[in-house]
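Since the structure of chain X is already known, use the hints to place chain C on it.
Spelled out, the chains give:
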Amino acid sequence: MFNLRGRPSCLAAAMLMVGINSIAQNPAAPKTPAKTSGAAPGCSNLNSKALETDPDLVNAVAAVVAQIIGNYDSTRPSHPPAIRQFWGPFNAAVLGEMQPKCLSADALGIAVQNAVKAQAVTAQTNKQVTAPPAQGQGTSLVQKVGIPQLLALAVENGAITDKVSGTTMTLSTSPYAFLTAFGAVSDTQANYNASAWATHTGISATFNLSNSSDPLASVSRKQVSQWQAKATFRDTSIRSKSVATLYANSNLKKVADAVAIDLSNSWFVTVRTDLDIPADNAYQKAWAANLETDVADAQRTGDSAKSDVIATALLKILDADQDYQTGLKNSYAQISSEASLSALVKKLHSDRADFNEKETEFEKKIADLAKGWNGDFAFSEQFPATVTSTSASGASASTTTATIPAYFQAELDVTCEPYSYSDNTGKPCPLRSTGTFTFNASAMFYPNPVASLNEKTFRGAHAALEGQWTLGPGFLRTKPENDKSNMTLSLSANYERLEENKDQPKKRPDLAIGNIKLVIPISAGVALPVSFTAASAGEQNKEKYVRGNFGITFDLDKLEALLKANR
Amino acid sequence: MTQDPNDNSLYTVTSTERVTVSLQSVQCNCLTSAGFDGQALAKQSAAPDVYSVGVTGNSGDQKVFAGVCTFSPSNPPTAHYTLQVSGSLGGSFQASSVFKTLPGVAFQLFFTIA
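In order, the protein sequence lines correspond to chains X and C. Residues 1 to 567 (my numbering) are what the first sequence spells out, left to right. Residues 1001 to 1114 (my numbering) are what the second sequence spells out, left to right.
Next up, chain X with everything else stripped away, as it sits in the complex (with noise of 0.2 Å):
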């Protein structure tokens, strides 16, 4: 009997819904093991058990909540949305478990969550962590005005996204987002798909933090170190079409297919009439008195304790309703005397959790995609840093400001990931199987030369090489639970060509840099990065230097996000 009257502990169970919903989302996460109470008090004759170890009944709770907030009308909150398509499968999986439960479990789901989410942010070997240097520019009054609270407009909407590192921050955002986020185009993957334009092009624009407190305070034309316009050779989002590509060839598509054709039985006709017209018109009468204020709540705030307190209701709802009982009562008989509606339920329970499976290894095959040989091409004005210098010339010394003017630079960026998991030969990239290739190549140019710097329009040019091994998890011997961090190694070479150099006293036009770079780490979120650097002059001086660093970095987003997985 699915009944939880009177039982307010297994209703604690329904408090979950977000919990277990983030297994469903995350089913490769790993299984940590549940703070289980037991059965509770009360709930001695149901089998809290099966719920803990297949959440396919509370995933289907949480998706009748999820379709109720979604599709709420809040034109028209007197009217509960109408939800009669998703009670089958919610029903289809109470029956399911082909003997009645308690739902009692407790908050795995959500400590699964946080710990792939751990392991995503404590996986990155490619974080950039320095600001680029800038420096001061005139700007207007005029142009400052409102220009905060329209970038906060914009950045709420969609328009554009804010990153802030350090004592930058990078606003970036593309057509596609901009037209997407006010409306001009309804963001349906058919006109993401008609326009590739929009979505394979990009600008951004990095600022240099005046206030960390509020970043967006700092959006002026004076603040800017860099802007940026890029298009990129290939999509690798999740929306490209190679996605749908992939899903269409993919097990998770199968698994889909049969789950659909399960659901499809036409004994769904009578589950509907026993099971899902009585679940909804409960729910509707219930609408009125208690849920239309969370439902409104949640839909309005995002806040996911609100869909645990729907969930809840819901089931108390169902739990009191007569005729819904009547019919599980019904829905389990037949069951139980029809050998075909137990193949049935058993194989539809079986086909959902192999879609959970199965979209796992999806998710790795989309991750894939994105890897592989992708380029872009990029045109950015720099506003490089202010240069000082000191010199001493007996018993005074001077102090210089030089300012190295704004320039514009074009730039090819060509890069190879290795596939990891279709793959783990390297393909089809040239550095073995852990090994990234990055080649970057610019030309840049001054807008206004000045000639007595020797400037000339061409400014020179630049090309870049690195390649990146992750070396495994280093010389730790025990780490963090879902500390996913590794050991790389990096080799790269620069070469510079400045044309401004040549002929100058003290000054080298071709600059050549290598460098090696060993990142340990060493504890949660902290690393020890050595590195050696041999330089055939500097930009400033022609002196030759081989330079050695090492320090600690602390990386606070990977921190909070191993605290935050291990509490």
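I should point out that these hints are in silico values taken from the structure, not numbers from a laboratory.
Here are the simulated DSBU-like cross-link-like pairs (lysine-lysine), alpha carbons at most 30 Å apart as the crow flies:
#1 Lys1043/C <-> Lys347/X
#2 Lys544/X <-> Lys507/X
#3 Lys346/X <-> Lys1043/C
Derived CB-CB ranges, DEER-like:
#4 Pro1077/C <-> Arg547/X: 44 to 52 Å
#5 Gln322/X <-> Gln1039/C: 32 to 40 Å
#6 Lys427/X <-> Arg1018/C: 40 to 48 Å
#7 Pro1077/C <-> Ala451/X: 52 to 60 Å
Virtual Cβ for every residue (Gly too), placed ideally from N, Cα, C.
Relative to chain X, chain C alone:
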């Protein structure tokens, strides 16, 4: 085809009428599967994913269309699929949208033969 005014999952069709269900994804890729009366349905076209089937049977028979909409963990919470149901003899209706609950959300539509 007509849609029940109180239940947008219930439709009445004429025998042999061809039913078309169109699934358009919003803020997510269009990854769907569908079945009708215990059989898999092949997509007629993609993005939007269109499924079409002829409803045959006796008057009063009910047939079930089931769909599965797949989402990715990285889709935003507001990602959803819109459902458009139309009949070859006329009538085009909107059913409830399918919102993200990972990894997949199933739904059913019921067709009663007049």
